[in-house]
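Number of protein chains: 2
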Amino acid sequence: MTVEYNELDGLSRPTSSRKRHSGCGLAVVTLILFVVTGISALVVWKVCFPSGGFGGVFVDNGALAHHYPPPPPHTEYAAVARYIIHISDWATLATISTHANITGYPFANVFSISDGITSNSTGNPYFYLTDLELSVHDLKADPRASLTASLAQSSYCRQRRLDPQDPVCAHVILTGEIVKIKNGTAEAAAAQQALFSRHPEMQDWPQDHGWFVARLAIRHIYLLDYFGGAKVIDPQDYYAAQPF
Amino acid sequence: MTVEYNELDGLSRPTSSRKRHSGCGLAVVTLILFVVTGISALVVWKVCFPSGGFGGVFVDNGALAHHYPPPPPHTEYAAVARYIIHISDWATLATISTHANITGYPFANVFSISDGITSNSTGNPYFYLTDLELSVHDLKADPRASLTASLAQSSYCRQRRLDPQDPVCAHVILTGEIVKIKNGTAEAAAAQQALFSRHPEMQDWPQDHGWFVARLAIRHIYLLDYFGGAKVIDPQDYYAAQPF
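Sequence lines, in order, name chains A and B.
One point on numbering: in our numbering, the residue at position 17 of the first sequence is 17, and numbering is uninterrupted.
One point on numbering: in our numbering, the residue at position 237 of the second sequence is 1237, and numbering is uninterrupted.
Incorrect hints may appear among the rest.
If the Cβ cut is set under 8 Å, some of the chain A residues that face chain B in the computed set are [claimed, not checked]:
| hint | residue |
| --- | --- |
| 1 | 32 |
| 2 | 35 |
| 3 | 89 |
| 4 | 117 |
| 5 | 118 |
| 6 | 168 |
| 7 | 192 |
| 8 | 193 |
| 9 | 196 |
| 10 | 238 |
Here are a few chain B residues that sit away from chain A, every Cβ distance over 10 Å (derived from the structure) [unchecked claim]:
| hint | residue |
| --- | --- |
| 11 | 1073 |
| 12 | 1120 |
| 13 | 1128 |
| 14 | 1152 |
| 15 | 1201 |
| 16 | 1242 |
Subject to a maximum C-alpha distance of 20 Å in a straight line, what follows is the list of computed DMTMM-like cross-link-like pairs (lysine to aspartate or glutamate) [claimed, not checked]:
| hint | chain 1 | residue 1 | chain 2 | residue 2 |
| --- | --- | --- | --- | --- |
| 17 | A | 180 | A | 142 |
| 18 | A | 231 | B | 1177 |
| 19 | A | 182 | A | 234 |
| 20 | B | 1231 | A | 177 |
| 21 | A | 231 | B | 1131 |
| 22 | B | 1180 | B | 1237 |
| 23 | B | 1140 | B | 1201 |
| 24 | B | 1231 | A | 133 |
These aren't lab readings, by the way, just hints derived from the structure by calculation.
This one's a predicted model, so the numbers in the text were calculated from it and none came from an experiment.
The beta carbon of each residue, even a glycine, is placed where N, CA and C say it ideally should be.
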């Protein structure tokens, strides 16, 4: 060892300096590559799956991020409908407009929803509403409404490179009436917990806005899932199913 | 040097092996950290911004991913509305239902849209439709419709941890009539280019479905952007504005 170092350092320097400590250099490079690869993989993993694990669906609603098991098989229509509603932190609500210049027109609007805490799906999409809200103006005149949510809102379609209008990027359409839930009831407490758990900032929204909890009472369900046209799902089957 | 190595290797080994090659070790550790940090930053950058650059908004519609400049200041209402429609690859359309058991109800449904190729916003949300589609059944009876798109569909709200119902996570509601665009016209060609450029799989959709291009003829615009309630935007101002 000693002689070898002396030779390399002073007496018989190789033509290429890269060969100088070739054994040690290779080990260091290998070590660096190993560490870099490992940490890079970890970083990518944590960025892509902040809640851990492959094989599931990742939802980032802005306020919170969640990781869910993969969706049910596409032929389990009721379960797929429940799955999409459960993992969706927001959805679009259609009402009949009462607003100037568009009275009687359909009216699409975005709302944060929750059908339960992430580990408990009820199938009931709950809303946190105020009489000041545009769609609530409509609902006071006509409670009929329709709600749609899509797997395009999660990592599901993105990872599979599915266009949002591709039938394999499933979406569900619930239609019925919006029902205001009476304060002080068990359902109001559970609904508020469901909403606040997935939308923590709701607790800090202006106190003078008169927020209340509401639910879509589901009359009709369409599932756009896979090819062959929309599937109609009986609400009873929907409630009997489990998302996972 | 020689003596030092000999001493360390055999005669006067230090109590901590970490001190053995302290100068060299520190340099290697520093080098590894430098490389690891650099590569990790690059990986995170590429994962978060596949199309490059901070300060903008990233949209991943599943089929394609795009990076856009940041939104206009929130007080430039018309420009913000144009921005949200331009960067949105999909949106939710409300119609008046003609379907069994929910006839006359509002009806919410998801569609892929494009108001132009990514570098050219027209402000006109274009659709690729077929008479087989549920909402098109409705539109044939009543062309009135409303379309909503939200910054919650992009990286904008996610990166700022904004709840989708937070007014700072802006969304726009366009209401009007859906107009079928005649094949062979310049508008049909441009609309098809706008749609296919952002939804390449549309070109491969079943030929026997009778796809056609349609546009929402905008009558009324609400922008939910920042606090203080919805802003009504004159369609003329909307068309005169530029998203960036």
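We went through each hint and held it up to the structure:
no.	hint	in the structure
1	32	holds (5 Å)
2	35	holds (6 Å)
3	89	holds (7 Å)
4	117	violated (16 Å)
5	118	violated (15 Å)
6	168	violated (10 Å)
7	192	violated (15 Å)
8	193	violated (16 Å)
9	196	violated (11 Å)
10	238	violated (14 Å)
11	1073	holds (20 Å)
12	1120	holds (20 Å)
13	1128	violated (7 Å)
14	1152	violated (6 Å)
15	1201	violated (5 Å)
16	1242	holds (24 Å)
17	180/A to 142/A	holds (13 Å)
18	231/A to 1177/B	violated (27 Å)
19	182/A to 234/A	violated (27 Å)
20	1231/B to 177/A	violated (27 Å)
21	231/A to 1131/B	holds (17 Å)
22	1180/B to 1237/B	violated (24 Å)
23	1140/B to 1201/B	violated (26 Å)
24	1231/B to 133/A	holds (13 Å)
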